[in-house]
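Which chain is which? The protein sequence lines are A and B, in order.
Residues 523 to 868 (our numbering) are what the first sequence spells out, left to right.
Residues 3 to 442 (our numbering) are what the second sequence spells out, left to right.
These are computed hints drawn from the structure, not numbers from a lab.
There may be inaccurate statements among the hints.
[Unchecked claim] Result set (EDC-like, lysine to aspartate or glutamate): computed pairs, CA atoms no more than 16 angstroms apart in a straight line: (1) A:K856 to A:E664; (2) B:K401 to A:E664; (3) B:K207 to B:E353; (4) B:K219 to B:D46; (5) B:K211 to B:D48; (6) B:K220 to B:D46; (7) A:K825 to B:E171; (8) A:K825 to B:D166; (9) A:K854 to A:E664.
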Amino acid sequence: MEAYVAIIIIWLFLFLYALGGAIDFGAGFWSMFYFGRKDTTAASIANLYLTPSWKVTNVFLVLFVVALVGFFPHAAFALGSIMIVPVSFVLILLIIRSAFMVYSYSVQKYTKLFTYISGITGLLIPVLMLSILPIIIGGFVEVVGDRHYILYDRLLASPTLYAHIGFGLSAELFLSSLFLSDYAREAKSMETYKVYRRNAIILGPIMLSMAVAATMTLIPEAIWMVDNMVRQWHLFALSLVVFSIGYSALWWPSRKGRVGQPRVAVLSMVVQIGLASFAYGWSHMPYIVYPKLTIYDAFTNIKMYYSLLWGYAIGMAILVPLFYWFWRLFLKDKRYLTDKKVDDVR
Amino acid sequence: MDNVLLARMLFGSTLIFHIIFATLGVGLTLMILIAEIMRVIRKDNDYGILAKRWTKAVAILLGVAIPSGTIVAVMLALLWPGFIEVVGQVIALPFTLEIFAFFIEALFLSIYVYAASRLSSLMRIISVFFVALGATASAVLITNVQSWMNTPTGFNVVNGEITDVRPWEAVLNPAFGYTAVHVASSAYMATAFVVASVAAYQLLKPNLKESEKTYHKKGLMIALVFGAITSLWTATNGHTSAVGLHQNVPVKLAAAEGLFVTQPNAPLAIFGTPDPEANRVVGGIEIPGMLSYLATGSRDGVVIGLNEFPRDEWPPLFVHTLFNIMVGIGTLLIGLSFGALAYRIVFKKREYPNWLLIPLIGSGPLAMLGIETGWIFACIGRQPWTIYGIQRTAEAATKSANLGTFFVIFISLYIFLLVITALVMRYYFRRNPLINEFDS
Numbered sequence: 523m524e525a526y527v528a529i530i531i532i533w534l535f536l537f538l539y540a541l542g543g544a545i546d547f548g549a550g551f552w553s554m555f556y557f558g559r560k561d562t563t564a565a566s567i568a569n570l571y572l573t574p575s576w577k578v579t580n581v582f583l584v585l586f587v588v589a590l591v592g593f594f595p596h597a598a599f600a601l602g603s604i605m606i607v608p609v610s611f612v613l614i615l616l617i618i619r620s621a622f623m624v625y626s627y628s629v630q631k632y633t634k635l636f637t638y639i640s641g642i643t644g645l646l647i648p649v650l651m652l653s654i655l656p657i658i659i660g661g662f663v664e665v666v667g668d669r670h671y672i673l674y675d676r677l678l679a680s681p682t683l684y685a686h687i688g689f690g691l692s693a694e695l696f697l698s699s700l701f702l703s704d705y706a707r708e709a710k711s712m713e714t715y716k717v718y719r720r721n722a723i724i725l726g727p728i729m730l731s732m733a734v735a736a737t738m739t740l741i742p743e744a745i746w747m748v749d750n751m752v753r754q755w756h757l758f759a760l761s762l763v764v765f766s767i768g769y770s771a772l773w774w775p776s777r778k779g780r781v782g783q784p785r786v787a788v789l790s791m792v793v794q795i796g797l798a799s800f801a802y803g804w805s806h807m808p809y810i811v812y813p814k815l816t817i818y819d820a821f822t823n824i825k826m827y828y829s830l831l832w833g834y835a836i837g838m839a840i841l842v843p844l845f846y847w848f849w850r851l852f853l854k855d856k857r858y859l860t861d862k863k864v865d866d867v868r
Numbered sequence: 003m004d005n006v007l008l009a010r011m012l013f014g015s016t017l018i019f020h021i022i023f024a025t026l027g028v029g030l031t032l033m034i035l036i037a038e039i040m041r042v043i044r045k046d047n048d049y050g051i052l053a054k055r056w057t058k059a060v061a062i063l064l065g066v067a068i069p070s071g072t073i074v075a076v077m078l079a080l081l082w083p084g085f086i087e088v089v090g091q092v093i094a095l096p097f098t099l100e101i102f103a104f105f106i107e108a109l110f111l112s113i114y115v116y117a118a119s120r121l122s123s124l125m126r127i128i129s130v131f132f133v134a135l136g137a138t139a140s141a142v143l144i145t146n147v148q149s150w151m152n153t154p155t156g157f158n159v160v161n162g163e164i165t166d167v168r169p170w171e172a173v174l175n176p177a178f179g180y181t182a183v184h185v186a187s188s189a190y191m192a193t194a195f196v197v198a199s200v201a202a203y204q205l206l207k208p209n210l211k212e213s214e215k216t217y218h219k220k221g222l223m224i225a226l227v228f229g230a231i232t233s234l235w236t237a238t239n240g241h242t243s244a245v246g247l248h249q250n251v252p253v254k255l256a257a258a259e260g261l262f263v264t265q266p267n268a269p270l271a272i273f274g275t276p277d278p279e280a281n282r283v284v285g286g287i288e289i290p291g292m293l294s295y296l297a298t299g300s301r302d303g304v305v306i307g308l309n310e311f312p313r314d315e316w317p318p319l320f321v322h323t324l325f326n327i328m329v330g331i332g333t334l335l336i337g338l339s340f341g342a343l344a345y346r347i348v349f350k351k352r353e354y355p356n357w358l359l360i361p362l363i364g365s366g367p368l369a370m371l372g373i374e375t376g377w378i379f380a381c382i383g384r385q386p387w388t389i390y391g392i393q394r395t396a397e398a399a400t401k402s403a404n405l406g407t408f409f410v411i412f413i414s415l416y417i418f419l420l421v422i423t424a425l426v427m428r429y430y431f432r433r434n435p436l437i438n439e440f441d442s
């Protein structure tokens, strides 16, 4: 029971980071994609969002890692030996991405080069992170004694790896486009809104089909997982319904004569990803790494569990009002969203 | 090469890299707060410009500080699963709380930097206060785990299993107080001298306009006063830390001082090489009775020597040199900052002469070297243990391969980023010279 509460908290943190990270890295990519374009402000809208928020997004990654090893310390040996290669590459990309994103604001002479470096490295991070999912579902890990090895030859030859990668890419680009379309609307930049709305319209169905492909290609690799997912069909069906509502909201009329209700679309997609990721996670239970490591094996003691719960509860109680204020200042305040001088402050 | 050694090299080089940025992040945010307060008190916009330019420096540093901190957190779990297994059962709380300190720092920094024009003076000061508070709190909370590794409390071990966990007792372990204060004060101190270095370097330039000169002199003055206070503070709490080692981790103190034989009237050996054959430090300066006096408050106090411990529990003996470098630099910087202040205030001189500015330029790099040697001493001096008396480093390490490759990749990356960060700093502050700030 306690292990399940803990894993739901972990899911919540992972869900928050997945959303925040997808939007963050995606925005970095769009800032590169539209770099130097005179006909659209799509790049500066992306930067307007990124500049104050990337540090906060990054803390969610640390929050997830710390919570995982805090609640499930006995998972460390298995995860440590499986993750060392993919996660080290994530870390390398992460430090290059963050450093060059900050430097691109400081060194005008090389802004273009630095924006490209941070845009591309950032694009790859969610891709690498998603590639971890098929690894821990099983079929690609061999356990010899107390060591876990990834079977790279099998992994790299497996279609499910590429389906997961495709899903990571399309989800990152779709969610960030959708979010930025709403952000552009908030900033009263109709023309940028249209650019990101169009991107979202193209990318939405791609993300959905990649998600289906990722699941289908799992059948030969991890049928236990697919069986469990079938049992969660109602959650997946619900998430599909919410996706349809959100996607159609991009065409809903608004009172101001604009086509599309991006806020409805964004909120629907948050719910959709929440439902789908919860159903996916639930199907993963009770395994952290299939077939050897379950949440029960990895769970900490009950005393630490309760003190961690208190720690997170108190911390969140302090932070939630602060997040609200932050949101008001940078995602709502017209003075920030329409301030042309923001570029200088950076 | 041996896997444990590779894991230590990879993690050690990451910490050596990260600590530069972390230290400056902790110190500079407090100095920005001081400058913001000075601006309001003195009604002098020079202090506002100081705060603004230091903030820009922080923003550049954070581009590396934040992801390198993330690397440390993740690598800790990847490279030391055995350690993390114990941490998760006994001392997971400070890591959890530290996340919230990070959040406070990150949120308020963005508010302070990007919402500055929309905030009142008071709200700006409050924002930057929380930035500084978040930075220092996260350093203190990380240090909490570090201190617990030296004096592990709050649990029992029965047949190799951890039982009867008392999370708050672990947090309030005996070494926490003095270690945390020492880490925070030394970070403030090192940053103060880095700022002093930059100001001294600027003041040495010929053809400075009067307005620029006054500005740099104000910066140097804040740095010197702050540096003098914090260096003296660091020395006193450093002394408390040594007394704490004497009481809690005597083998570490013995290795730091190169003391082999348990004795009253123990001498303080400065530099030289600890020689286990001769049972003493060879080639150093010895002050008779001084170590006993420092550790116990009396020359007759007995200080425990290395010979009381089995050889395989000795830290490497070169920690004596690291310890001496750290203490030596600290002492030198107390002298330098008080000397410079005395010259200005007591002798009522209005200018800093070159013979004073040139050594001041060296003070920043020296202070950073002091921080590095201090941290390396703290970690190597705990060897062969990860958790003193409970878990050896070899038991904590991961068993996965590939570490050698990653060591090469990461160390090249760190060197590259150090160089490029320095270049970016130089480029930015040259392109946005001080003189432009006075007009606006």
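Against the structure, the hints come out as follows:
This hinted pair does not check out: A:K856 and A:E664 have alpha carbons roughly 55 angstroms apart, beyond 16 angstroms. The hinted pair formed by B:K401 and A:E664 meets the criterion: a straight-line CA distance of about 14 angstroms does not exceed 16 angstroms. At roughly 14 angstroms between alpha-carbon atoms, B:K207 and B:E353 fall within 16 angstroms of each other, so this suggested pair holds. The suggested pairing of B:K219 with B:D46 holds, with an alpha-carbon distance near 14 angstroms, which does not exceed 16 angstroms.
Our distance criterion of 16 angstroms between C-alpha atoms is met by B:K211 and B:D48, whose separation comes to about 14 angstroms. About 11 angstroms separates the Cα atoms of B:K220 and B:D46, which keeps this hinted pair within 16 angstroms; it holds. Simply put, A:K825 and B:E171 have alpha-carbon atoms about 12 angstroms apart, close enough for the 16 angstroms limit, and the pair holds. With a CA separation close to 9 angstroms, the supplied pair A:K825 and B:D166 stays within the 16 angstroms bound.
A hinted pair counts as satisfied when its Cα atoms are at most 16 angstroms apart, and A:K854 with A:E664 does not qualify at roughly 50 angstroms.
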